[in-house]
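K.L.:
If you want my numbering, it's the position in the sequence shown, counting the first as 1, plus 486.
Worth flagging that the hints you see were computed from the coordinates, not collected in a lab.
One or more hints might be untrue.
To be verified - SDA-like mimics (lysine to any residue), calculated; alpha carbons at most 20 Å apart, straight line: (1) 492 to 563; (2) 587 to 517; (3) 552 to 490; (4) 552 to 566.
To be verified - What follows is a list of derived Cβ distance ranges for each label pair: (5) 566 to 540: 16 to 26 Å; (6) 488 to 529: 36 to 46 Å; (7) 563 to 525: 57 to 67 Å; (8) 491 to 590: 24 to 34 Å; (9) 540 to 595: 27 to 37 Å; (10) 529 to 487: 45 to 55 Å.
From the three backbone atoms N, C-alpha and C, an ideal C-beta is built for every residue, glycine too.
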Amino acid sequence: MEKVKKEELNLLSMEVILHAGNARDFVFKAIEQAANGDFTEADSLMERANEEIHQAHRVQTSTLQKEAEGIEIPYSPLFGHAQDTLMTVKTEFNLIREFIKLYKKSSER
487 MEKVKKEELN
497 LLSMEVILHA
507 GNARDFVFKA
517 IEQAANGDFT
527 EADSLMERAN
537 EEIHQAHRVQ
547 TSTLQKEAEG
557 IEIPYSPLFG
567 HAQDTLMTVK
577 TEFNLIREFI
587 KLYKKSSER
């Protein structure tokens, strides 16, 4: 049976963490901009965050797809951490997107 090497899985895990971390930075900068009334910049930052989330998700999905194809994926706490980080950032993204909508509504009053 074919198997993913631990070193390869570590690199893939770090790639997910890197993109998720970039997304987190963008979403928190976006809410700061929204709080200051700069909705154009907030929207731009949210778009950049979304791109980073998609990149992280592609890496995660391609890794999991290997397992579905019968390629053995070794247990890795680092990969578990990467998946957890991505899931958390996706939640933060969704919540902050809603907060930005609220900031926009309150600024219209």
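K.L.:
Would you mind marking each hint as holding or not holding in the structure?
P.N.:
Tested hints:
1. About 11 Å separates the Cα atoms of residue 492 and residue 563, which keeps this hinted pair within 20 Å; it holds.
2. Restraint check: the Cα-Cα separation between residue 587 and residue 517 comes to about 10 Å, which is no more than 20 Å; the hinted pair holds.
3. With a C-alpha separation of about 9 Å, the suggested pairing of residue 552 with residue 490 holds against the 20 Å cut-off.
4. For the suggested pair residue 552 and residue 566, the alpha carbons sit about 16 Å apart, so the restraint of at most 20 Å is met.
5. Between residue 566 and residue 540, the C-beta spacing of about 21 Å keeps the proposed range 16 to 26 Å intact.
6. Remark: the range hint 36 to 46 Å for residue 488 to residue 529 is upheld by a beta-carbon distance near 44 Å.
7. Restraint check, residue 563 to residue 525: a C-beta distance of roughly 40 Å breaks the suggested window 57 to 67 Å.
8. Between residue 491 and residue 590, the C-beta spacing of about 48 Å breaks the proposed range 24 to 34 Å.
9. Between residue 540 and residue 595 the C-beta distance comes to about 34 Å, which sits within the given range of 27 to 37 Å.
10. Remark: the range hint 45 to 55 Å for residue 529 to residue 487 is upheld by a beta-carbon distance near 47 Å.
When the structure is compared with the earlier hints, violations turn up for hints 7 and 8 and for no others.
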